[in-house]
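Q: Sequences listed follow chains P and V, in order.
Take the first sequence: its letters are residues 1386 to 2157, numbered as in our numbering.
Take the second sequence: its letters are residues 16 to 243, numbered as in our numbering.
Worth flagging that the hints you see were computed from the coordinates, not collected in a lab.
Computed from a predicted model, the values in this text were never measured in an experiment.
Among the hints, a few may not be true.
Below, in silico cross-link-like pairs of lysine to any residue (SDA-like), each with a Cα-Cα straight-line distance of 20 Å or less [stated by the list, open to error]: (1) P:1853 / V:38; (2) P:1849 / V:221; (3) P:1853 / V:217; (4) P:1446 / P:1678; (5) P:1849 / V:45; (6) P:1849 / P:1678; (7) P:1853 / V:221; (8) P:1849 / P:1474; (9) V:17 / V:51; (10) P:1849 / V:51; (11) V:17 / V:40; (12) P:1849 / P:1585; (13) P:1849 / V:217; (14) P:1849 / V:40; (15) P:1849 / V:30; (16) V:17 / V:242; (17) P:1849 / V:218; (18) V:17 / V:240; (19) P:1446 / P:1776; (20) V:17 / V:88; (21) P:1853 / V:87; (22) V:17 / V:142; (23) P:1849 / V:242; (24) P:1446 / P:1775; (25) P:1853 / P:1678; (26) P:1446 / P:1771; (27) P:1849 / V:220; (28) V:17 / V:54; (29) P:1853 / V:220; (30) P:1849 / P:1586; (31) V:17 / V:87; (32) P:1849 / V:37; (33) P:1849 / V:42; (34) P:1849 / P:1775; (35) P:1849 / V:54; (36) P:1853 / V:142.
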Amino acid sequence: MTVAERPPRPAVAEVMHTPLHRALGLTDHELGVIGGRLGRAPNDLELAMFSVMWSEHCSYKSSRPLLRTLPTSGPGLVAGVGENAGVVSIGDGLAVAFKLESHNHPSAVEPFQGAATGVGGILRDIFTMGARPIAVLDALKFGDPSSARTRRLVSGVVRGVGGYGNCVGVPTVGGELAFHPSYEENPLVNVMAVGLLEERDLTRAAAPGPGNLVVLYGSATGRDGIGGASVLASATFGDADPQKRPTVQIGDPFAGKLLIEASLELIERGLLEGLQDLGAAGITCAVSETADRAGTGIRLELDAVPRRETGMAAFEVMISESQERMLAIVRPDRIDAVVEVCRRWGLPVAVIGRVTDDGDVTVVGADGVELARVPASALTSDAIVYEREGRPPARSRRAPAPGAPELAHDGLPERGMDPGAVLVSLLGDPNLASRAWVTGRYDETVGSDTVCGGAHGAAVVRIKGTAKALVMATDSNPRVGALDPYLGAVSAVAECTRNVVITGARPLGVTDCLNFGDPERAEAFWQLTEAVRGIADACRALELAVTGGNVSLYNESAYGAIVPTTQIGVVGLLDDIGRLVHPVFRAGSDVVALLGESTPGLGGSIYADHAGAVPDDRPPGIDLARESVLQALLLDATRSGLLRSAQDVGGGGLCVALAECCLWGGIGADLQVTVGTAPAVELFGESPSRVVVSVAPTAWDALRSLAAGSGIPLRRLGLIGGDRLRIRLVGEGATGAAEERGAGVADEVDMPLDVLRRAWESGLPRAIGEAG
Amino acid sequence: MKVGVVVFPGSNCDRDAIHAARLAGAQAEPLWHEDPDLHGADAVILPGGFAYGDYLRAGALARFSPIMGSVREHAERGGLVLGICNGFQVLAEAGLVPGALLRNASLRFEHRWVRLTVTRRDTAFTSAIPPDVTLLMPVAHGEGCYTSPDDKLDALEARGGVLFRYVGPEGNPNGSARDVAGVLSERENVCGLMPHPERASERLLGSDDGLLLLRSLVTSAGQRLAAA
């Protein structure tokens, strides 16, 4: 795929001559509805408050009806969708909080600050729940790695993620890096944060108790990030539109670190009735959401808000997205203690209002003049909702039903192919190559809990004082999503949970970040609808709840929309860290085997990108019932201590999975793969529900009977050992290629690990021009 | 034997240092930067992080904090002080160990596992490290390039003041002069190093080599206590 010839830049909107509501991003229809909610016309300040709260980013006005179809309850869930982050109990009085969130548009405009504040924002969501953040994972998507724009974005975003996480002392333990031309103008920066809390410290973002004080602490309020939610996050945009730069917030990780420590101390000491961070839409969002959740109102004294600059207008104070601020609800008799804690951590603190019983957000200026009065619910739970229209594109490339007959042309691209050479080129693909260039910029060991970091496989973080560990992964499948958004979502959920399960951990829940185009376009809305249906189906089949997440729409530029991208994050619980299964080959003479079998289709695979013209571009389908059985089998096998290693077959297919097991373990293997009429499908196809395992020879029979009992196919591939990866091909598809190329070329993979390692390690730096 | 771990605003390895010091057999407690009282600590650890946001220069502001006066007095009395990463930067800024730490040669933050040789076993920080053992531990910093004029480096080496050096294929992560990873004060009671021994104190986390260093510190402080 290539980026089409670029159309001319869109003209910058003529802000000066448009009516105020339109300049703020509200439609004429929405202005009318606001009048209906209020029973009168809104004044300018109220209009500004509505404009940010009714933005797509804050109101989910396009996606809310869809999100209601997701399964959102499950065992152990103590806080779910609608809270700042999902929280799941893990026993021993402990719980884990986690959530994925996007910061796409700010990162496109200002990559360093955009990514840094993305990390800061999701960390606040975690500690607002009363949890100490213990891990960050970053899922990044960029355009052509060789373009100057992508290189600038990669460098800025990676510095931004590291700059914030490293400084606040939360390890960045994993994530994802992918490149696709559709992200050229609109990169995706999705960040997942995970936190740990004592269940008794669980804190709600609500403002209960009329008479309680509303306290703002953290950084003072400035003019940065004005209109971030409405103007930047909720509209398509051209690149580096200079008018939008002031909408990007500026992060201060040092203040963020103080905010974490002060907030956790306030919570541990039981000094707060409620706590909400200030993110999109600033004070307006924090007061209206906390009041609405508690069924109360808040009377806000505008002049009491500490400012970092003079002459700020009322609307600027109300919608500023200045970072590192928190809103706490405090009983009057505890205010002195709260002030003392904030002062000790060097944070400005001010009482800016009181909880009332009238259900309104009332903003009061100097001398008690009422500047705005809006029902809290009108800004939040009763915000406008759209039933958008979705329509599939004229030609969609749906996946074949599982079990559909394998088409003869699935095998075409490998005619004349040297599988060893293909493997080397796949390992060097920046989508599959080592991410060490990125992870080396991130502190992944701070906290002294990281058992496995971002180098390979799922991240594993132990819980001090217990035998438990949390296993976390992020996954997405945008190439498949481009062909079939439903399957893209289903396979992302399946792969992400599988990546957690292969370590021996039981998934606790799913968080999602939906990155899509303009929902007012019928095709983009259809894609979103299909993705949500996919997440729902996959979660029901795997008996998991969606615990929270985020929707990022309008990911379009003048050059087109991004491919539908369903980003999934999963956290799992490993009861006994001693039973952790790694993805790497460990001991010579262990038996290597494949659980699961390949299904037809090369569409959406990295191989398809490399092979160029793949005649049938359908992606392989997935059987969710079978996936569920496979995952149960893997948990059984780990619990009984059968597995020496387990590695998901993902991007690049079986050959790449086997190479990874060898490279990461520093030991070779001598294997044999049976190929039918379509060797490329067998070797490089990315059909789901497959796992490479290794077992001690003495455990082979036990694994075989376990697999037989579950009905999951188990194929013995060979033995671990040596310093080469050798894969001999047998079966009817094994001949032909070598014959066509002439004598002397082996029709097999037989590569020294050194060669594979060089390709894998140099792939990313070479692609982005950072080699040497 | 009591270890005090200083908490500056922006310290982020204080909890790790307390955890590891306890594993090494010490009683370990946090010491707040505004409180000049060391609360009876026999040894002091300045932990990693970004004290005071590392504004101006890493460690530049922290050395003026109230507790640093007491740490200096503790060191002048011969008390043991260990500075790790940002703590090393603070010690260097305060002049309690020689040299300075500049931005990494790569101009980037570097996180990686490195291997260290230990030049001497007769110090308070290395006495429990078996001979011929190299230490595996992580580094995570943006400003760890150890720098000093050549003549001073010669003198430092001559007096045995270079305690740890980067070795092996993992290499020198920051371009430090002569591969210096950690140094000793003239009186040999203050040590600063860039790698993180506290994060390498359990096998489960990839290495427990760092515990050897912390055990040396705890044992030495205990012996000094007994002798006093």
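Q: Now tell me if each hint is right for this structure.
A: Here is how each hint holds up against the structure:
| no. | hint | verdict |
| --- | --- | --- |
| 1 | P:1853 / V:38 | holds (19 Å) |
| 2 | P:1849 / V:221 | holds (15 Å) |
| 3 | P:1853 / V:217 | holds (15 Å) |
| 4 | P:1446 / P:1678 | holds (18 Å) |
| 5 | P:1849 / V:45 | holds (18 Å) |
| 6 | P:1849 / P:1678 | violated (34 Å) |
| 7 | P:1853 / V:221 | holds (17 Å) |
| 8 | P:1849 / P:1474 | holds (16 Å) |
| 9 | V:17 / V:51 | holds (17 Å) |
| 10 | P:1849 / V:51 | violated (31 Å) |
| 11 | V:17 / V:40 | holds (9 Å) |
| 12 | P:1849 / P:1585 | holds (18 Å) |
| 13 | P:1849 / V:217 | holds (11 Å) |
| 14 | P:1849 / V:40 | holds (17 Å) |
| 15 | P:1849 / V:30 | holds (12 Å) |
| 16 | V:17 / V:242 | holds (15 Å) |
| 17 | P:1849 / V:218 | holds (14 Å) |
| 18 | V:17 / V:240 | holds (10 Å) |
| 19 | P:1446 / P:1776 | holds (18 Å) |
| 20 | V:17 / V:88 | holds (17 Å) |
| 21 | P:1853 / V:87 | violated (41 Å) |
| 22 | V:17 / V:142 | holds (18 Å) |
| 23 | P:1849 / V:242 | violated (35 Å) |
| 24 | P:1446 / P:1775 | holds (15 Å) |
| 25 | P:1853 / P:1678 | violated (34 Å) |
| 26 | P:1446 / P:1771 | holds (6 Å) |
| 27 | P:1849 / V:220 | holds (12 Å) |
| 28 | V:17 / V:54 | holds (9 Å) |
| 29 | P:1853 / V:220 | holds (14 Å) |
| 30 | P:1849 / P:1586 | holds (18 Å) |
| 31 | V:17 / V:87 | holds (18 Å) |
| 32 | P:1849 / V:37 | holds (13 Å) |
| 33 | P:1849 / V:42 | holds (18 Å) |
| 34 | P:1849 / P:1775 | violated (48 Å) |
| 35 | P:1849 / V:54 | violated (27 Å) |
| 36 | P:1853 / V:142 | violated (34 Å) |
Hint violations for this structure: numbers 6, 10, 21, 23, 25, 34, 35, 36, all remaining hints satisfied.
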